[in-house]
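Q: Protein chains in written order, with my numbering: chain A, 1 to 126; chain F, 127 to 301.
Since the hints were derived computationally from the structure, they do not count as laboratory data. Be a bit skeptical, because a hint or two may be false.
[Claimed, not checked] So the derived list for chain F, only partly shown, Cβ under 8 Å to chain A, looks like this:
#1 Ser238
#2 Leu239
#3 Val242
#4 Glu243
#5 Val246
#6 Asp258
#7 Tyr261
[Claimed, not checked] The list that follows gives simulated cross-link-like pairs (lysine-lysine, PhoX-like), each with its CA atoms no further than 25 Å apart:
#8 Lys34(A) - Lys277(F)
#9 Lys34(A) - Lys215(F)
#10 Lys62(A) - Lys114(A)
#11 Lys26(A) - Lys263(F)
#12 Lys215(F) - Lys69(A)
Yeah, the Cβ is synthetic: ideal placement off N, Cα and C, and Gly gets one too.
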Amino acid sequence: MSLTTRLPQTLKQVRPVLSTDHAEAKRRVLNLYKIWLRQIPYIRVDYIKNNWTETRLRDAIKENFMRNKDVTDLRVIDLLVVRGQMDFVETAEIWRQQHNTATMDRRKDTYKKKPFGFLERFYEGH
Amino acid sequence: MLKTILRHGCRLRSVVNMRLSAPLCNNIHTLTPSNVQANGQIWPHVFVSRRTRMLDQFVKDAGQMRTPPPLTPRDIESRVLRICNEYDKIQEANKNKITLETHFMNDLGLDSLDHVEIIVALENEFGFEIPDADYDKLYTVGNVVDYLIKKMNVTDRPKTTVSSAPDPRYDDHHH
Chain A
1 MSLTTRLPQT LKQVRPVLST DHAEAKRRVL NLYKIWLRQI PYIRVDYIKN
51 NWTETRLRDA IKENFMRNKD VTDLRVIDLL VVRGQMDFVE TAEIWRQQHN
101 TATMDRRKDT YKKKPFGFLE RFYEGH
Chain F
127 MLKTILRHGC RLRSVVNMRL SAPLCNNIHT LTPSNVQANG QIWPHVFVSR
177 RTRMLDQFVK DAGQMRTPPP LTPRDIESRV LRICNEYDKI QEANKNKITL
227 ETHFMNDLGL DSLDHVEIIV ALENEFGFEI PDADYDKLYT VGNVVDYLIK
277 KMNVTDRPKT TVSSAPDPRY DDHHH
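Based on the provided sequences and hints, a complete structural model is requested.
A: Next up, the structure:
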């Protein structure tokens with residue numbers, strides 16, 4: 001008998017951060033993406049020294065979203081969305097400076113995909 | 127007496143000239159004072175300025191009364207197709223292959239973020255916001271066209287200007 005079946009139902013449930021199901025989480029992500037898209041012309045004006053084209057900026061924003069494409073945990077998605085909103089406010093209020101904004105289009109995966117084979121998981125320490 | 131009136135008119139001429147509208151500005155280039163009419167009659171500057179003000183108002187009103195031609199479903203369809211064709215990820219491979227049955231994700235291989243980009247482009251084109259609850263109705267081009275037609279109350283035949291039947295859109299106000 002595995003651990004998950006032995007646990008009572010009440011212990012398995014965790015308090016949601018914001019969203020209760022995947023549809024709601026997806027809606028939040030898409031809304032966040034939309035406000036970033038709407039901000040693009042203003043970002044170009046506010047951070048004119050970064051000399052972004054509209055396409056490049058759009059790709060950078062999309063890159064930042066796609067970094068976390070493998071996240072499936074609802075609570076993690078919610079936290080990432082909240083962080084994205086805070087980033088948005090920082091960008092829109094011009095609290096960032098040139099180099100700080102330039103990090104937006106640096107290619108870097110924050111989320112490491114979990115290994116699924118037995119040996120791979122063993123190497124990773126799972 | 128005439129001298130006084132003339133001098134009075136000449137003193138205020140600059141003020142009157144400032145109020146002249148664009149088509150009436152031709153009078154300034156001729157060296158005659160503005161209160162001398164084409165037929166040589168001299169009008170008091172009060173009349174001239176009042177007439178100018180009224181003409182300006184007429185021009186302004188006429189500008190506001192001009193309305194764009196009504197939208198037809200075919201207009202909306204062509205505009206939606208143009209937006210989809212302009213979107214660069216569609217442009218790469220599938221330019222001009224888009225029909226009303228094209229599904230954004232199944233046929234064109236776009237993901238949901240690209241879908242949001244198309245929706246934002248549509249919002250910019252048609253000038254109203256599409257609520258996020260309606261995103262999953264808008265997966266094919268034909269669905270988008272139908273949705274916009276429904277939202278914008280577009281009808282195929284132009285509405286008659288004078289009609290004895292009450293406008294069904296305003297029924298709420300009568301009941």
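Q: So, against the hints stated earlier in the document, which numbers end up violated here?
A: As far as the earlier hints go, not one is violated by this structure.
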